[in-house]
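S.K.: Chain G is fixed; fit chain U onto it per the hints.
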Amino acid sequence: MIFVRGLTVSLGGRVVLDGVDLCLPRDGVVAVTGPNGSGKTTLGRVLLGLIAPQAGSVTGLAGHRRAAVFQEDRLCEHLDAVANVRLVLPREVPAAVVAGELRALGLTADALTLPVRALSGGQRRRVAIARALLTDATLVVLDEPFTGIDADGRPGVLAWVAEACAGRSVLLVTHDLDDTARLGATVVRLGSGEGTPEQPMSAESAHRSTPAVRSSGSSSGESPVRPA
Amino acid sequence: MTTSTTASTARSVARPVLVGAFWLVVWWLAALAVGQRLLLPSPAEVGARFVELAVTPGFWETVVFSLVRILAGFVLGTVLGTVTAVAAARWRAVDALLSPLVGAVRATPVVSFIILVLIWVDSSRLAVVVSALMVLPVTYAAVLEGVRQRDPAMLEVAAVFDVPLLRRLPAVDVPAVLPFFAAACQVGIGLAWKSGVAAEVIGLPGGSIGERLYDAKVLLESADLFVWTAVVVALSLGVEKVVAALLRRVPSAHAASRPAEAVPR
Numbered sequence: 001m002i003f004v005r006g007l008t009v010s011l012g013g014r015v016v017l018d019g020v021d022l023c024l025p026r027d028g029v030v031a032v033t034g035p036n037g038s039g040k041t042t043l044g045r046v047l048l049g050l051i052a053p054q055a056g057s058v059t060g061l062a063g064h065r066r067a068a069v070f071q072e073d074r075l076c077e078h079l080d081a082v083a084n085v086r087l088v089l090p091r092e093v094p095a096a097v098v099a100g101e102l103r104a105l106g107l108t109a110d111a112l113t114l115p116v117r118a119l120s121g122g123q124r125r126r127v128a129i130a131r132a133l134l135t136d137a138t139l140v141v142l143d144e145p146f147t148g149i150d151a152d153g154r155p156g157v158l159a160w161v162a163e164a165c166a167g168r169s170v171l172l173v174t175h176d177l178d179d180t181a182r183l184g185a186t187v188v189r190l191g192s193g194e195g196t197p198e199q200p201m202s203a204e205s206a207h208r209s210t211p212a213v214r215s216s217g218s219s220s221g222e223s224p225v226r227p228a
Numbered sequence: 001m002t003t004s005t006t007a008s009t010a011r012s013v014a015r016p017v018l019v020g021a022f023w024l025v026v027w028w029l030a031a032l033a034v035g036q037r038l039l040l041p042s043p044a045e046v047g048a049r050f051v052e053l054a055v056t057p058g059f060w061e062t063v064v065f066s067l068v069r070i071l072a073g074f075v076l077g078t079v080l081g082t083v084t085a086v087a088a089a090r091w092r093a094v095d096a097l098l099s100p101l102v103g104a105v106r107a108t109p110v111v112s113f114i115i116l117v118l119i120w121v122d123s124s125r126l127a128v129v130v131s132a133l134m135v136l137p138v139t140y141a142a143v144l145e146g147v148r149q150r151d152p153a154m155l156e157v158a159a160v161f162d163v164p165l166l167r168r169l170p171a172v173d174v175p176a177v178l179p180f181f182a183a184a185c186q187v188g189i190g191l192a193w194k195s196g197v198a199a200e201v202i203g204l205p206g207g208s209i210g211e212r213l214y215d216a217k218v219l220l221e222s223a224d225l226f227v228w229t230a231v232v233v234a235l236s237l238g239v240e241k242v243v244a245a246l247l248r249r250v251p252s253a254h255a256a257s258r259p260a261e262a263v264p265r
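The listed protein sequences correspond, in order, to chains G and U. The opening position of the first sequence corresponds to residue 1 in the working numbering, with each subsequent residue numbered one higher. The opening position of the second sequence corresponds to residue 1 in the working numbering, with each subsequent residue numbered one higher.
The shape of chain U in the complex, shown without the other chains:
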């Protein structure tokens, strides 16, 4: 390893640590300035509360409860979004029928869905349905765009050589759509957690993170609120990294992935 490479690696490790430390200091100073635990607990108070909660069995049961349901919603929305997008790309009529519906779902406030879905399903399954509804339009739009952006030259090759669909898919179609799909997953995971936890806060299924957040608000336990919020952020980022690692194992024709910002939300 050269000196410049070593220095570059050190910088890439040190930078996020320094940035994190900077914001912790800002938080700590702000908590000192406010001087009221109720309004803004310090990082040390939140850390201590996290340690207290983490050793209780109920903490991890709560984490698993919400994780399973929100992940299920993400997977359901992703699968439905992908299947409908492929159908829309294949049949114009499907696109004509689905596009306005997906647009309406995307534009509808998440609380409207939460209240509506709460009438239809049990609160324990609310997060699954709401997360799926939030993820579906993102995946639909991204995959549809990816299918449409496939290289026509490679499709001609497949047509001329009469390559069967099952061999064409991994060689031509999947690598072309994958960057769009990956970007949609990245956006979709964040959306699933935001909407899923919001649904839990309103639906209050027993043993969920949303219920714990609601309790923290009612009992004015600001440190608990910060802890559970941090848990949601950590879970969201963790799932995002796992999904990204899984998708990296799929070969892609495109060296650079499409940035998440470019995905229609």
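Bound conformation, chain G alone:
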């Protein structure tokens, strides 16, 4: 279990996260929603160790292997899809296995032969998803992972992601509540003035088997998210 307590992050002189509490179960998806600028991505970056908070603590990260779908695709443009994914995998994982998973995500055989700079936005997103979830990471941050994926392909990708997330701590940053439901995620809302969850989110409640959208309540000076 990963516990975030009193997390405060300022970026460029602006307080982005102010005293946020959260817990991520060992096996489950917690979806973070909220308006633009509410600190969703920043929260993910703290969990990935890319930002050091000014105050508060994150415990339980030790021993976690991390992976992420970033807000941007962040692919090696000159490499093809399989090579991009294999870059982060152990060498012994065969290219054919990776290619098979990418096909399962909806990439065509032709797309697999091209450098990713020649792929469409949706295809590139699938590569980024595969790169994160084909690893053996135990902590995964998915920052708006389904952006650019067409409506027809989305259910298949969601099903693949849902299966791949099993057994991991997953933080999903999203604006789409349909996606959170399909992933069985517990939903928490970030955003100053947006209030707190109706009830404090316990470690037990932050579990994919109990999906819940935490609507905003009255703001009483508490931090936006008080899960524990």
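Mixed in with the good hints there might be a few duds.
[Claimed, not checked] Chain U is nowhere near these chain G residues, computed Cβ spacing over 12 Å in every case:
(1) R26
(2) T59
(3) A83
(4) V97
(5) R103
(6) D178
(7) A181
[Stated by the list, open to error] Here's a subset of chain G near chain U, in silico, CB distances under 8 Å, partners left out:
(8) L50
(9) P53
(10) L79
Please keep in mind that the hints were generated in silico from the structure rather than gathered at the bench. None of these values were measured; they are calculated from a predicted model. For each residue, glycine too, the CB sits at the ideal point set by N, CA and C.
M.R.: For chain U alone, coordinates are given in the frame of chain G:
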């Protein structure tokens, strides 16, 4: 192939030929106007002299002598410039120590180095050292800039996924630095030839192009001077094309290479 593509290809072939022909005509007219072989030999006289020289074994030995030494200087300067730039990018103290030194080397007139180095090393190795000294600051500045311009987003990816350095280098670092390195090579090859031949003209190592240029000057053989100058230009351009072809085989993340003009000299 479409008609427009064919026309475009024909234009791309014809243009340099026409440009070359234009300047040959200008040269020929200028030689006619001057009317003195000593001051300005005609293209035909230079061509004839080239054919005469090219069939002598000494010509090619001279070419190889200078080519080997100047190439060695270029490679040495490039390797040293790259290694020091990577170290400077990694350790701030190295950057603080090396940057003024590299700046001083860049600003020092090449003749000062030639005379100084001639005191230290044998004249046959002068071109190696001088070429390396001229290439090093160019490579250093370009590679340092390239390392600093690496995409921080991709470095974050490597950090998050814990990608080992040996796998990160070809995937993230090399493609980012390569355009800078390629531009530095392009500039560095020209510098190596200019400075290397200048060093040979002053140091006069036996059997070098510089010595042949010096002889041409002393003996007032203007046609020889033109021939050897043309040989240096051709060798420089040839090496530049070979290096560019080799670098094109390395995959690059950036579609467009950084223009050579942007490289600090």
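S.K.: Evaluate each hint against the coordinates.
M.R.: Results for each hint:
Every Cβ of chain U is farther than 12 Å from the Cβ of R26 (chain G); the closest lies at roughly 19 Å, confirming the non-interface assignment. Listed as a non-interface residue, T59 (chain G) keeps its Cβ farther than 12 Å from every Cβ of chain U; the least gap is roughly 19 Å. With a closest Cβ-Cβ approach of about 8 Å to chain U, A83 (chain G) is found to fall inside the 12 Å limit, against its non-interface label. Residue placement check: V97 (chain G) keeps its beta carbon more than 12 Å from all beta carbons of chain U (closest about 18 Å).
At the 12 Å boundary, the C-beta of R103 (chain G) stays outside the reach of chain U, the nearest C-beta of that chain being 22 Å off. Against chain U, the non-interface label of D178 (chain G) holds: every CB pair exceeds 12 Å, the least being about 27 Å. Under the 12 Å C-beta cut-off, the non-interface status given to A181 (chain G) relative to chain U holds; the minimum distance is some 27 Å. Contact between L50 (chain G) and chain U, as hinted, is supported at the beta carbon level, the nearest pair being about 6 Å apart and thus within 8 Å.
Of the supplied interface hints, the one on P53 (chain G) is violated, with its beta-carbon coming no nearer than about 17 Å to a beta-carbon of chain U, more than 8 Å. Given hint, L79 (chain G) at the interface with chain U, holds; its Cβ is 7 Å from that chain's nearest Cβ, closer than 8 Å.
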